[in-house]
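Asks: For the record, the sequence lines run as chains C and H.
For the first sequence, position 158 matches number 158 in my numbering, and the numbering has no gaps at all.
For the second sequence, position 116 matches number 116 in my numbering, and the numbering has no gaps at all.
Quick caveat, the hints were computed from the structure, so don't treat them as lab data.
Please note: incorrect hints may appear among the correct ones.
As the list makes no split between identical chains, a pair holds if one copy fits it or if it spans any two.
[As the list claims (entries may be wrong)] BS3-like cross-link-like pairs, simulated, lysine-lysine; straight-line CA separation at most 30 Å:
hint: 1; residue 1: 83; residue 2: 174
hint: 2; residue 1: 119; residue 2: 146
hint: 3; residue 1: 119; residue 2: 165
hint: 4; residue 1: 174; residue 2: 106
hint: 5; residue 1: 83; residue 2: 118
hint: 6; residue 1: 74; residue 2: 110
hint: 7; residue 1: 83; residue 2: 106
Protein chains: 2
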Amino acid sequence: MRILIDMDGVIADFEGEFLRRWRERHPAGFYVPIENRTKFHVIDDYPHELQPLVSEILLESGFFENMVMVPGAKEALEEMDSKGMEIFICTSPLSTYGNCVLEKYKWVEKFLGPAWVKKIILTRDKTIIRADILIDDRPEVTGVEKEPSWEHILYDRSYNRGINKKRLTWENWKDILLSSQRV
Amino acid sequence: MRILIDMDGVIADFEGEFLRRWRERHPAGFYVPIENRTKFHVIDDYPHELQPLVSEILLESGFFENMVMVPGAKEALEEMDSKGMEIFICTSPLSTYGNCVLEKYKWVEKFLGPAWVKKIILTRDKTIIRADILIDDRPEVTGVEKEPSWEHILYDRSYNRGINKKRLTWENWKDILLSSQRV
Chain C
1 MRILIDMDGV
11 IADFEGEFLR
21 RWRERHPAGF
31 YVPIENRTKF
41 HVIDDYPHEL
51 QPLVSEILLE
61 SGFFENMVMV
71 PGAKEALEEM
81 DSKGMEIFIC
91 TSPLSTYGNC
101 VLEKYKWVEK
111 FLGPAWVKKI
121 ILTRDKTIIR
131 ADILIDDRPE
141 VTGVEKEPSW
151 EHILYDRSYN
161 RGINKKRLTW
171 ENWKDILLSS
181 QRV
Chain H
1 MRILIDMDGV
11 IADFEGEFLR
21 RWRERHPAGF
31 YVPIENRTKF
41 HVIDDYPHEL
51 QPLVSEILLE
61 SGFFENMVMV
71 PGAKEALEEM
81 DSKGMEIFIC
91 TSPLSTYGNC
101 VLEKYKWVEK
111 FLGPAWVKKI
121 ILTRDKTIIR
131 ADILIDDRPE
141 VTGVEKEPSW
151 EHILYDRSYN
161 RGINKKRLTW
171 ENWKDILLSS
181 QRV
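Work out the full structure, taking the sequences as your base and the hints as a guide.
Replies: As structure tokens, then:
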């Protein structure tokens, strides 16, 4: 049993880190509460004139390194690992990779420990990674391979609720995985 | 046709960069000419007491970013790409990833251009990447998947000459790929 786990929005609290920085910088301004987010990319939930300010936060030094862990994620990953599942952290860096690439490595080392650094796969195309399951909050995961080997299970987020796929959280993950045909 | 191309020793001149830095720093000291290298890891070709000095060079800032391109590699990659082959640059970062991870991205952007950055896959385990061919100078490429989908073709180097596998260089790559059963 091999499982690919996405990082932002699944184990790393991207939404929380963004909103914390946004509200700190623009305390009286417009913002979208996390539960009201409807677009996968946070920038698409903000008006056009504010989008440069959104990018500014996502690209600044420390953004990726300082996210907190999604509650329950560490325990879930460690339990999967201890049960002999092959776990890989499979994440796509931003095109503007200057801060994000190294910070993703540092983040995994800080929150999960050095052994987990070896399980990182950085790729813009997840469809060619062979696994049984991909846990990802992105509504559609596409790439060059039209028939990926994995079943895509959504990590449940407000912005992916319209999608008709199996979904899980770090509270119900065991039940959801057991219900997968791949297990 | 999907081909994974390793970076160090295949498209990036790791050996040349190491030896240049080594001889500059230790001009009168011991060194191993590139054609006399017999071990995959350069550090294993140096006496125990010199190994910390080898590591010092590999881990220093700028080592990965400043390698030159292996002659013919750029032309070969661009020709494969223009012929519609799906090319990915599939590379394993050092465990001490502090400089190497970001510099690999910068290197690809500098030598191949921004479009190629999207083709980078950073992974310590290449066996779970689905492709027809892996071009890699490492004698044995192993990981969790015991039956990788790719055929491993060696990039010909002095330190992998004992291995009984198909091998290529950027001079004969077209003939060698044509002889593969995967083409």
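Asks: Now look at each hint and say whether the structure bears it out.
Replies: Okay, the hints, checked on the actual structure:
For the homomeric pair residue 83 and residue 174, the shortest alpha-carbon distance inside one copy (12 Å) is at most 30 Å, but the shortest distance between copies (45 Å) is not. Within a single copy, residue 119 and residue 146 get their C-alpha atoms as close as 25 Å, and across copies as close as 17 Å, so both meet the 30 Å cut-off. For a Cα distance limit of 30 Å, the shortest separation of residue 119 from residue 165 qualifies both inside one copy, at 26 Å, and across copies, at 28 Å. Within a single copy, residue 174 and residue 106 get their C-alpha atoms as close as 28 Å, which meets the 30 Å cut-off; across copies the closest is 40 Å, which misses it.
In the homo-oligomer, the alpha carbons of residue 83 and residue 118 lie at most 30 Å apart inside one protomer (18 Å), although the nearest pairing across protomers, at 34 Å, exceeds that limit. For the homomeric pair residue 74 and residue 110, the shortest alpha-carbon distance inside one copy (12 Å) is at most 30 Å, but the shortest distance between copies (37 Å) is not. In this homomeric assembly, residue 83 and residue 106 come within 30 Å of each other (Cα to Cα) only inside a single copy, at 25 Å, whereas the closest approach across copies is 38 Å.
In summary, this structure violates none of the numbered hints.
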